Amino acid sequence: MSQREVDRFYKMAIDATTEGVSAEEQGKISDAAAFYIAAIECANKLFKHADDPNLNTDSINKMNSMLNYYPRCWERITKFKKEKTAKLPNKLPTKKQIPTLEKKLAVYAKIAPPPPAPAPVAQPTRTATIGPSIMAKYGQQAAAIAQATQQAKAAQVPMRLNTAKSQSASKEPPSDDPLVRKIQDHPEASKIDKALRDTILSECVSTSLNVTFDDIAGLSDVKNALNELIVLPALKPEFFTGLRAPPKGLLVYGPPGNGKTMIAKALASETDAVFFSISASSLVSKFVGESEKLMRALFTVAHALQPAIIFIDEIDSILSARSSNEHEASRRLKTEFLVRMDGVVAGDEDRVVVLAATNRPMELDDAVLRRFPKRLLIPLPDAEGRRVMLNTMLRKQKHGLSKSDIAEIAQSTDNYSGSDLAGLAREAAFFPVREVPAAKLKKLNEKDLRQINIEDFRKAMGAVRPSTTPMLMQQLREWTMQYGAIAM
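Here our numbering = 1-based position in the sequence shown + 583.
No lab work stands behind these hints: they were computed from the structure.
One should not assume that every hint holds.
[What the hints assert, rightly or not] Pairs of lysine-lysine, DSS-like flavour, derived with a Cα cap of 27 Å:
hint: 1; residue 1: Lys876; residue 2: Lys765
hint: 2; residue 1: Lys1030; residue 2: Lys1042
hint: 3; residue 1: Lys806; residue 2: Lys819
hint: 4; residue 1: Lys979; residue 2: Lys1026
hint: 5; residue 1: Lys1042; residue 2: Lys981
hint: 6; residue 1: Lys979; residue 2: Lys1042
hint: 7; residue 1: Lys981; residue 2: Lys1026
[Claimed, not checked] What follows is a list of derived Cβ distance ranges for each label pair:
hint: 8; residue 1: Asn1036; residue 2: Glu911; range: 53 to 61 Å
hint: 9; residue 1: Asp949; residue 2: Gly926; range: 18 to 26 Å
hint: 10; residue 1: Glu911; residue 2: Met845; range: 32 to 40 Å
hint: 11; residue 1: Pro757; residue 2: Glu911; range: 35 to 43 Å
Nothing here was measured: the structure is a model prediction, and the numbers come from that model.
All C-beta atoms in this analysis are idealised placements derived from N, C-alpha and C, irrespective of residue type, glycine included.
With the hints as constraints, model all of the structure from the sequences given.
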């Protein structure tokens, strides 16, 4: 018989008569009575050792569990005996045993004193009035046992409840990681699930930010604009308030391979901000609701670790224009981003900047564009920019190129992006190695290898072509004319 059935048949015996009850159910009522008698017998065995100073914790817990049931057991069994609707085994405590049980209950109350901390206010329960009810119905001896049990319960039950509560509400021990410690001290971020927080810190936070604007060749206009919009407000916030308040959302767009990600890292390094690098693979989850939860946790952690820069690479793959055939999960993710972005914009004192990068700004949703009031085009490098990039790439490489040779290469690589130039330089650097047979190359010293020359670059131009198509450049120009870039 299950505990639920036992309680149900007990209620039938206590709160109502058993008249009209079938013989089968009367048998179950008898079984319920036998169950509670067994509980009393077990408690009696434990009470024999109540004065033993060597009681272990397990025994005390068992005794406490039996005490919780004892008053109800007594009332139930006495009710069964009074109604005489079920055959009860003749194993009830005798009148001589009752005073002995009362003394042993008092001994138990002494060996299990209440905890030092104040117990919570006890809610009214049935056992709060069980003593008087038993006294009125069954006499003083039964009420004495119930009262002693009540005192033991008052000492033990709150202690167990407090222990469970303290375990559930226990705080995580302080971490040695300064980022984790700041999150633990933040009122909102400390509520984030630990696994979710660790995922953000391990996959989204970039710690290797040894990049500055000096390491980025060319793009002087872009660096000046970012210095005015992001760097100076972070270093001198008192100068940039009111109408001069810096934007919280900045969109950088342009052909691929022009250093948009490197610019974002340089911004975080220049402003000494925590850098969060996000992509579609970081946010999209196969479980329903996990992407929105991660987005929400990301902005909360960034708020706790401010100053912070949230960099969303290839934002068009996450926040493209909404359509009627769009998946519901994608729609919910966009809605969550818009809500969190509004929270960043509304917090005037918050030092959190959302920086997004894309190759195709024309595919972004209009509501997303509104959250990025500043839009900066990262163009293809001009001849001067390509010359500076080539000098930077060849700085640590042995070569025989003169200034005029580098200028010629820069003039001949129109429409090449930064990554295209890097691929061109690597291809040219392999030609001296390819000229040497493999057997001889194993015995050759590095200083005996010939230097890179202009002919190597001319050959490499036939193998490495520009990756940016004229169609993409035309689309970017039209989008810039319609939505505008930052004027310099």
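Do the hints match the structure? See the list:
| no. | hint | result |
| --- | --- | --- |
| 1 | Lys876 <-> Lys765 | holds, 20 Å |
| 2 | Lys1030 <-> Lys1042 | holds, 23 Å |
| 3 | Lys806 <-> Lys819 | holds, 18 Å |
| 4 | Lys979 <-> Lys1026 | holds, 23 Å |
| 5 | Lys1042 <-> Lys981 | holds, 18 Å |
| 6 | Lys979 <-> Lys1042 | holds, 22 Å |
| 7 | Lys981 <-> Lys1026 | holds, 19 Å |
| 8 | Asn1036 <-> Glu911: 53 to 61 Å | holds, 59 Å |
| 9 | Asp949 <-> Gly926: 18 to 26 Å | holds, 20 Å |
| 10 | Glu911 <-> Met845: 32 to 40 Å | holds, 36 Å |
| 11 | Pro757 <-> Glu911: 35 to 43 Å | holds, 41 Å |
Against the hints set out earlier in the document, no violation occurs for any number.
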